[in-house]
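Chains as they are written, first to last, in the numbering used here: chain R, 1 to 211; chain G, 1001 to 1148.
Because the hints were derived from the structure by calculation, they are not lab data.
None of these values were measured; they are calculated from a predicted model.
Certain hints may be false.
[Claimed, not checked] Pairs of lysine-lysine residues, derived as DSSO-like cross-links and limited to a Cα-Cα distance of at most 27 Å, are as follows:
no., chain 1, residue 1, chain 2, residue 2
1, R, Lys117, R, Lys59
2, R, Lys161, G, Lys1098
3, G, Lys1098, R, Lys131
4, G, Lys1141, G, Lys1111
5, G, Lys1111, R, Lys131
6, R, Lys157, G, Lys1111
7, G, Lys1111, R, Lys59
8, G, Lys1088, R, Lys54
9, R, Lys113, G, Lys1081
10, G, Lys1111, R, Lys117
11, G, Lys1071, R, Lys54
[To be verified] On the chain G side, residues computed to face chain R include the following (Cβ under 8 Å):
no., residue
12, Glu1049
13, Lys1050
14, Asp1051
15, Ile1055
16, Pro1064
17, His1068
18, Gly1072
19, Thr1076
20, Met1083
21, Ser1087
22, Thr1097
Beta carbons are placed, not taken as given, at the ideal position from N, Cα and C, and that holds for glycine.
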Amino acid sequence: MMSLQKFMPAWVKRVGLFTVVALFLAGVIFWGGFNWALEATNKEEFCISCHEMKDNVFKEYQNTIHYTNRTGVRATCPDCHVPKEWGPKMIRKIQASNEVWHKLLGSVDTPEKFNAKRHELAQHEWDRMKKNDSQECRNCHRYDYMDYTEQGNRAAKMHPKAFEEGKTCIDCHKGIAHQLPQIDQHIGKQNEGALEISHGDKVEAKVEEKK
Amino acid sequence: MRFIPALVLAGAALLAWAGVASAQEVVESLRGNNPITATSRTDNMFRPEKDQDLIPRNFQKQPPLIPHSIKGYNITQNFNKCMDCHSKERAEETGATKVAKSHYLDREDKKLTNISPRRYFCLQCHVPQFDAKPLVENTYKPAAKKGE
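Next comes chain R alone, as it looks inside the complex (with noise of 0.2 Å):
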């Protein structure tokens, strides 16, 4: 021990080395178990088992892609909707808790009640897209990495286009795992109070302005 002394800093010494080791090891089970909680709270079940989305968009989801594929390689709701970096997740997750309190209110219970706000719904995570440039599709899908000659024709056609004119991801890529709310398409049929989307129209215009 006497040796040993000889290494310890000051403060060290003042509150003794098994108070140290012991805060240590609190600190390392504290922050396990906080990250363990956090993570309970990113699996898919508890996703369903609390946000209203069961029957609606947890089902709309099930017909697509990622969800079910020919590799079995899926992105559950959190590879979406929350983010990967430590900020932006705490900030995300505190944002959801408001989302709790609308399932106790049951602001949007019925299906009638959420395709009514479906349209605001949509828009949240559109915006929310739009601001971070879509980082969650590509925490998976890098551009530098696309092989256009893999791509079906439109695809390989429009990506180098879509990236030259400044878009991103959820630009093109909207509904691509839940319905679209109504959607003012000029397509034969009454849609008035429809939504209008942007087909990234907004960010050529802003890169022009800039020129």
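Following the hints, put chain G in place on chain R, whose structure we already have.
Positioned in the frame of chain R, the structure of chain G alone reads:
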């Protein structure tokens, strides 16, 4: 010589039997002879084909085929995925084939300002291209084109 009618009769009977036998050859559906309750075979079902060149039309005014995959494309009450590229407003930007003028007519051939609602479900007439072998022989010949 008395035997000839008998021979003819026997021959006719033989031919008729052969005819019945060939008529009994059943056209197999894609499910094979699986009962409805059983799981169908998965080894040779049709899969969405990769993008390819457009197969030429077989007759005038045939709805053109879809030369690309439409996997996951939905046509719902809220949104028509096809029209996201093929509508008049979007076709130029996306380079897709524009919806034909005929789609703007109602059933009295009156021209509408917008696509007729009876054309809303694109896949009723336009289908994706598949390398599908005909189940039965097809002897269809289109009418000669103008000037032929």
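Results of checking the hints against the structure:
Annotation: proposed proximity of lysine 117 of chain R to lysine 59 of chain R holds, straight-line Cα distance about 17 Å (limit 27 Å). Straight-line distance between C-alpha atoms of lysine 161 of chain R and lysine 1098 of chain G comes to about 20 Å, which keeps the hinted pair within the 27 Å bound. Our distance criterion of 27 Å between C-alpha atoms is broken by lysine 1098 of chain G and lysine 131 of chain R, whose separation comes to about 33 Å. Between lysine 1141 of chain G and lysine 1111 of chain G the alpha-carbon distance is near 32 Å, which puts this suggested pair outside the 27 Å criterion.
A C-alpha spacing of about 43 Å is found between lysine 1111 of chain G and lysine 131 of chain R, which places the hinted pair above 27 Å, so the restraint is violated. Taking the CA atoms of lysine 157 of chain R and lysine 1111 of chain G, the gap is about 34 Å. The hint is violated against a cut of 27 Å. A hinted pair counts as satisfied when its Cα atoms are at most 27 Å apart, and lysine 1111 of chain G with lysine 59 of chain R does not qualify at roughly 40 Å. Using a Cα cut-off of 27 Å, the hinted pair lysine 1088 of chain G and lysine 54 of chain R is violated, with the two alpha carbons roughly 37 Å apart.
Proximity of lysine 113 of chain R to lysine 1081 of chain G is assessed by CA-CA distance (about 24 Å); at most 27 Å being required, the pair is judged to hold. In summary, the hint linking lysine 1111 of chain G to lysine 117 of chain R is not supported, as the alpha carbons are separated by about 36 Å, beyond the 27 Å threshold. The suggested pairing of lysine 1071 of chain G with lysine 54 of chain R holds, with an alpha-carbon distance near 24 Å, which does not exceed 27 Å. The restraint placing glutamate 1049 of chain G at the interface with chain R is violated, with a minimum CB-CB distance near 10 Å, outside the 8 Å limit.
Taking 8 Å as the C-beta cut-off, the interface hint given for lysine 1050 of chain G holds, the closest approach to chain R being about 7 Å. Here the hint on aspartate 1051 of chain G is kept, as its CB sits about 4 Å from the closest CB of chain R, short of 8 Å. With its C-beta approaching chain R no nearer than about 15 Å, isoleucine 1055 of chain G sits outside the 8 Å limit, and its interface hint is violated. For proline 1064 of chain G, the interface hint is violated, the least distance from its beta-carbon to any beta-carbon of chain R being 16 Å, above 8 Å.
Against a cut-off of 8 Å between C-beta atoms, the interface hint on histidine 1068 of chain G holds, since the closest Cβ of chain R lies about 6 Å away. Interface hint status for glycine 1072 of chain G: upheld, as the beta-carbon distance to the closest one in chain R is roughly 6 Å, under 8 Å. At a threshold of 8 Å, the smallest CB-CB gap from threonine 1076 of chain G to chain R is about 6 Å, leaving the interface hint in force. Of the supplied interface hints, the one on methionine 1083 of chain G holds, with its beta-carbon coming within about 5 Å of a beta-carbon of chain R, less than 8 Å.
Checking serine 1087 of chain G against chain R by beta carbon gives a least distance of about 6 Å; that is within 8 Å, so the hint holds. For threonine 1097 of chain G, the shortest C-beta to C-beta distance to chain R is roughly 12 Å, which exceeds 8 Å, and the interface hint is violated.
Consistency with the previously given hints fails for numbers 3, 4, 5, 6, 7, 8, 10, 12, 15, 16 and 22, ordered from lowest to highest.
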